[in-house]
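Same order as they appear, the protein sequences are chains A and B.
So that you can map any letter, position 260 of the first sequence is 259 in numbering that gives the first Met the number 0, and since no number is skipped, the others follow by simple counting.
So that you can map any letter, position 234 of the second sequence is 233 in numbering that gives the first Met the number 0, and since no number is skipped, the others follow by simple counting.
No lab work stands behind these hints: they were computed from the structure.
There may be inaccurate statements among the hints.
Here are the simulated lysine-lysine pairs, DSSO-like style, with alpha carbons at most 30 Å apart [to be verified]:
no., chain 1, residue 1, chain 2, residue 2
1, B, K213, A, K154
2, A, K278, B, K283
3, A, K224, B, K247
4, B, K119, A, K224
5, B, K119, A, K154
6, A, K262, B, K119
7, A, K153, B, K213
8, A, K155, B, K213
Single-letter residue listing:
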Amino acid sequence: MGKILVTGASGQIGTFLIKKLNENKKKIICLDIIKPKNINFPFLKIDLKNKNGFKKVHKELDDVEILIHLASTVNSGQNICLNGIDSVNLNIHGTLNLLENLPNLKQISFASSYMVYGKPTMQIINETHATNPENIYGASKLITEKILQVFSEKKKINLKILRFMGIYGIVSPYVKQAIPSFIEKILDKKNPIVFGTGNVKRNHIYIDDAIDAIIISINNKLNNKLNNRYNVGGIDAPSNLELIKIINNEVGTKIKPNFMNSKNKEYSFVTDINNANKKLGFKPKIGIKEGIKKTVNEYGKLRRNDS
Amino acid sequence: MIHNIKNKNILVTGGTGQIGSFLVEELVKKNANVFVIGRNKKILKEINFLVKSKKVTFLECDLNNNAKIKKIKKILNEIDLLIHLSSELSEVKTNLIDNAHFSINLNINGTINLLPHLIKLKGIIYSSSTAVYGNTTEKKTNEDNATNPVSFYGCGKLGAEKYLNIFCNFNKIPLTILRYSSVYGPRNRTNQVIPVFIKKALKNKTITLYKKGKTVRDFIYISDIIDATIKVITNNHEGIFNIGSGDKTTMYQLAKKIIKLTNSKSKISFRESLDEINFVSDSKKAKIKLKFSTKINLDRGLLKEIEWHKNCNLIKK
Chain A
0 MGKILVTGAS GQIGTFLIKK LNENKKKIIC LDIIKPKNIN FPFLKIDLKN
50 KNGFKKVHKE LDDVEILIHL ASTVNSGQNI CLNGIDSVNL NIHGTLNLLE
100 NLPNLKQISF ASSYMVYGKP TMQIINETHA TNPENIYGAS KLITEKILQV
150 FSEKKKINLK ILRFMGIYGI VSPYVKQAIP SFIEKILDKK NPIVFGTGNV
200 KRNHIYIDDA IDAIIISINN KLNNKLNNRY NVGGIDAPSN LELIKIINNE
250 VGTKIKPNFM NSKNKEYSFV TDINNANKKL GFKPKIGIKE GIKKTVNEYG
300 KLRRNDS
Chain B
0 MIHNIKNKNI LVTGGTGQIG SFLVEELVKK NANVFVIGRN KKILKEINFL
50 VKSKKVTFLE CDLNNNAKIK KIKKILNEID LLIHLSSELS EVKTNLIDNA
100 HFSINLNING TINLLPHLIK LKGIIYSSST AVYGNTTEKK TNEDNATNPV
150 SFYGCGKLGA EKYLNIFCNF NKIPLTILRY SSVYGPRNRT NQVIPVFIKK
200 ALKNKTITLY KKGKTVRDFI YISDIIDATI KVITNNHEGI FNIGSGDKTT
250 MYQLAKKIIK LTNSKSKISF RESLDEINFV SDSKKAKIKL KFSTKINLDR
300 GLLKEIEWHK NCNLIKK
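Kindly produce the complete structure, drawing on both the sequences and the hints.
This is the structure we're talking about:
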């Protein structure tokens, strides 16, 4: 297998991914704007937005055959006048800058998101669902998918698009999604905040399973250009109230949530992962109870270290 | 959307192009205050007389240049309706990636740069393209069809649709997206098949067809496009509409027709390779909701475009 380039290597998924790739003895090269901690891989400090930044690293990128493209803005707001341009410049133009500098590329795995779909019109969403993103993040991911599709077709590159559900299990002060915020509040013996009724369901995916999906996708040579989009989600689809119950059980508390009105209408979002299962052989292994247990333990460790 | 055009401040981007110039004339007739954004005040083409007679205000601005946009901020602040035609250009750069940057900049960055200044906006009409659908079959394609563009041009158009959609939802502004089929008629300065075939036929040069001339397209005459667009402005309809004739025409039929209508001695030759996209529009939704129907058939429309090209040649001589 040729050399693998991981963009967004210092990000939350990237950090876990390169650890795993290291265990698997893959030849990799990392790219990010910040150097990842404790790595023994070649690292390129590059801002994808900056076309000229690539000039000095031509040689290092020459023999890259596989791209795992994680680098992205994270803003999921709706006011495009504030953050829209950043998402276009990094996610779309940045991806183009990158592609231009990978002359021997054969394979791409792109980390996309369930947010490309927008408001669900099916109970369980498969890859044929309409794509009408409701936020900046979803729109930039969708258009990046499209340009990768056009590019891969023209250059005969094997493209796989992984549409991830929300990933949990990452212990970081920067993570603000539902699961970590509930865990932090409950560990602090405070009431977790639930927007809306708390009944909306999501098939959150545990970080190890998400990493697994990426590794499977680069090892899989299947090249089906009409069917190369894969939903990647977890086994269970708990509601927010169920999540709070599971966390309470794990911590040994009975803390009730505080309900708040939500600005936007909240809806359940459960993706059908059959396609990834059948075509790629992806099978998530960590159920929500086990995943929460692991995550709570990690937060516990972090706190003990801090104090 | 505004029902009455009279005295409304309407901004037309790409107002010097084929669709733009005809639309601007129509809006002026209906007594709107028309503003046109374009990159070069020296190339006003058909709207020159309207700008000279002060019936239209021309704003020289590049939407990828924020400093220049800020200079016309005061006018932008007063705009009621945006008719965003931006570009009829497709692939202009020779390098694949340069083309992609160009299309994304023009369609997405340009759109996002403009929007923050339109603080009184009450509606947007965006002229998209059926290129957003990608490789469709010979069957008619409707608005619910999957969008898998096969060109960066199509990606740029689709991107603008998606970002506009988020903007309009967030700011509660009605948005109409019109996906035009292949537009033809006078003032067609593109390198699309019809002008290319006509120019060849007028010089008795051989017309080359790919894929045995079997590729099908849906051609719609410029005045029908203008009609549909005016209907959207006055009839208050949001959403996505295909605007096409719904008639299948093969490249072979088209070449034959043009040769006949120009009394040309051109021959037809066939060549392999080169991917061509089949597209036939299903415009039922526009028919029902906008009460839109095409009025000019292909023969009549082609004659008008042929006349225009002949006149252009006369002027050149």
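Quick rundown of the hints versus the structure:
no. : hint              : in the structure
1   : B:K213 <-> A:K154 : holds (26 Å)
2   : A:K278 <-> B:K283 : violated (37 Å)
3   : A:K224 <-> B:K247 : holds (27 Å)
4   : B:K119 <-> A:K224 : violated (44 Å)
5   : B:K119 <-> A:K154 : violated (45 Å)
6   : A:K262 <-> B:K119 : holds (23 Å)
7   : A:K153 <-> B:K213 : holds (23 Å)
8   : A:K155 <-> B:K213 : holds (26 Å)
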